[in-house]
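Chemist: Assemble the complex: chain A is given as a structure, and chain B must be docked to it using the hints.
For the protein sequence lines, the chains are A and B, in the order given. UniProt numbering numbers the first residue of the first sequence as 1 and each following residue consecutively. UniProt numbering numbers the first residue of the second sequence as 1 and each following residue consecutively.
In case anyone wonders, no lab produced these hints; they're calculated from the structure. Mixed in with the good hints, there may be bad ones.
Cβ pair distances, simulated, as ranges [what the hints assert, rightly or not]:
| # | chain 1 | residue 1 | chain 2 | residue 2 | range |
| --- | --- | --- | --- | --- | --- |
| 1 | B | E72 | A | I160 | 46 to 52 Å |
| 2 | A | Q94 | B | E72 | 54 to 60 Å |
| 3 | A | K391 | B | E72 | 47 to 53 Å |
| 4 | A | N229 | B | E72 | 21 to 27 Å |
| 5 | B | E72 | A | A379 | 48 to 54 Å |
| 6 | B | E72 | A | R319 | 16 to 22 Å |
| 7 | B | E72 | A | D403 | 31 to 37 Å |
| 8 | A | I19 | B | E72 | 24 to 30 Å |
| 9 | B | E72 | A | I206 | 25 to 31 Å |
| 10 | B | E72 | A | T425 | 50 to 56 Å |
| 11 | B | E72 | A | P208 | 19 to 25 Å |
| 12 | B | E72 | A | G286 | 41 to 47 Å |
| 13 | B | E72 | A | R158 | 18 to 24 Å |
| 14 | A | D316 | B | E72 | 24 to 30 Å |
Model, not experiment: these values are computed from the prediction. Every residue gets a Cβ at the ideal spot worked out from N, C-alpha and C, and that includes glycine.
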Amino acid sequence: MRALTATPSCLAVSLPADIISTVEFNHTGELLATGDKGGRVVIFQREPESKNAPHSQGEYDVYSTFQSHEPEFDYLKSLEIEEKINKIKWLPQQNAAHSLLSTNDKTIKLWKITERDKRPEGYNLKDEEGKLKDLSTVTSLQVPVLKPMDLMVEVSPRRIFANGHTYHINSISVNSDCETYMSADDLRINLWHLAITDRSFNIVDIKPANMEDLTEVITASEFHPHHCNLFVYSSSKGSLRLCDMRAAALCDKHSKLFEEPEDPSNRSFFSEIISSVSDVKFSHSGRYMLTRDYLTVKVWDLNMEARPIETYQVHDYLRSKLCSLYENDCIFDKFECAWNGSDSVIMTGAYNNFFRMFDRNTKRDVTLEASRESSKPRAVLKPRRVCVGGKRRRDDISVDSLDFTKKILHTAWHPAENIIAIAATNNLYIFQDKVNSDMH
Amino acid sequence: MFARGLKRKCVGHEEDVEGALAGLKTVSSYSLQRQSLLDMSLVKLQLCHMLVEPNLCRSVLIANTVRQIQEEMTQDGTWRTVAPQAAGRAPLDRLVSTEILCRAAWEQEGAHPAPGLGDGHTQGPVSDLCPVTSVQAPRHPQSSVWEMGGPRENRGSFHKSLDQIFETLETKNPSCMEELFSDVDSPYYDLDTVLTGMMGGARPGPCEGLEGLAPATPGPSSSCKSDLGELDHVVEILVET
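Isolated chain A (complex conformation) (with noise of 0.2 Å):
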């Protein structure tokens, strides 16, 4: 917390067309993936550090853009699919290509991303445009030599994973076995291997017989970072399940139920749609569990399915405002959240461009702000207040004065230093701390 309030610098990408949908780190945090909502994935690369400027670390530049998914138009149902990019996750990397997983609500797609930075030169065959030679005027025999050349990068799709969902899908995640993944969407999850894309295990079904009696549907899933066996998927009703594939085929019997009693006290008709968790993210240790529901972050003790062992109120001063949220339909925003890498840390994003973070250890908390006023490059963000009435200071924002159309969804903090990648709307920032890049 103190290192990242400290002199954080600012990186601002303006992607000109499209809301990105989407943020994910790589597992080293050279790379950065963004999606949006036109079906584009955009790659950036962190510049090596240079030794004659020891203290600008490096940052992140375009390294590649592709279209990922185009739009497409269900015939069947007379609906249009969108291309919007859900969910990316990138694979560990095993050789000198990078590989990830990109999805939109229905098709999942393994992209490989490979370098190209030298080229064969002397065919004897081909001229230098390629063109075939005149064979009179070859008289004599070379080896052609790889040359260097400016590098290129090339993205092409490997595996096409389609038709595996009725529903939209809303969570993806690559198991610690390198071998398998899931895909979550309303009602069911599956189980792919990452080499087969005509066949996929339906690992939980929670459709109802009878479609009258759905109350819950799936919100949100991820494969624990060290037991392959075990994963998390999370619930409308702010119920989080974890699952052991070996206990059943079909894990629609959970292991354990993380569920939080109602308090009575605050009970409304939007109790139950604001406990309905937005996201779920094991923390790096494996020990813990992140869930985001409309007000709140909560931390969980994979041991202790009674309650979160902590709740962190990140924008409570909306509760009393929840049934005008409802009627503009920002109550059913889809905030992420994320750990930075030692767990010692959560964030998380709100409106206005705002974003929290908060330390588990010392019980800190922060407000920041993405925005092209407050973030010049190289500029120190100061942190920011919402005030509810009471004493207001000079710079404070009033409740009724937030922005409730600059919403922050997406976040990522990459796996080891504190670097921070921050979706709003169509920007992305990224914010990284200078004086202590290290974990604390």
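Modeler: Same frame as chain A, but now just chain B:
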């Protein structure tokens, strides 16, 4: 928005009664809020069926909210019984909360005056009724949910329509679809396609859960041509063909 309606209500009360009825005032303002929330939720559920990409999670959460309100109102005994006095608030109060959601429908109604909708299912002047709700062609009673300052007798039909909505929430009755469709005399309605689409789960997955609530309309690419019957004309307006 609530404050406005509440203030009018409070002023009216205070003119008539003493502080002893302050408790009653609180109760009725709660009922007012609850009613507004119910209206808003029903509108949201209807609207979600018109969207290209309905969100199942959102629909389920809204439907659960509606059920909660219905349960509470049933326990209170305020469900189904509509005393004319209880409905004495000005029509605008009830609509304040749904104003924003109604706006698109109002604009459309301004451009295309609603044709007569169904027969004998609505009691108020037809021209006042917003065509939006009749996109659920078989669910015509809902048109009175969108009543815009019509006479008070419409309130009876509104509550009756709520009953019908909840009945279909609870009991799925496929045969009633055909009955409701029997009014439609347009040759352009391919009954089989439409019924298959609504009943057979070929409709968008996210809306499946609420097929008991309101069937989806045929998609915009389907057969709503210009010289359709009344209901089809309305559907056409709504999908903006």
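Chemist: For each hint, tell me whether it holds in the structure or not.
Modeler: Outcome of the hint check:
no. : hint                         : verdict
1   : B:E72 <-> A:I160: 46 to 52 Å : holds, 48 Å
2   : A:Q94 <-> B:E72: 54 to 60 Å  : holds, 57 Å
3   : A:K391 <-> B:E72: 47 to 53 Å : violated, 39 Å
4   : A:N229 <-> B:E72: 21 to 27 Å : violated, 43 Å
5   : B:E72 <-> A:A379: 48 to 54 Å : holds, 51 Å
6   : B:E72 <-> A:R319: 16 to 22 Å : holds, 20 Å
7   : B:E72 <-> A:D403: 31 to 37 Å : holds, 34 Å
8   : A:I19 <-> B:E72: 24 to 30 Å  : violated, 38 Å
9   : B:E72 <-> A:I206: 25 to 31 Å : holds, 26 Å
10  : B:E72 <-> A:T425: 50 to 56 Å : violated, 38 Å
11  : B:E72 <-> A:P208: 19 to 25 Å : holds, 24 Å
12  : B:E72 <-> A:G286: 41 to 47 Å : holds, 42 Å
13  : B:E72 <-> A:R158: 18 to 24 Å : violated, 54 Å
14  : A:D316 <-> B:E72: 24 to 30 Å : holds, 25 Å
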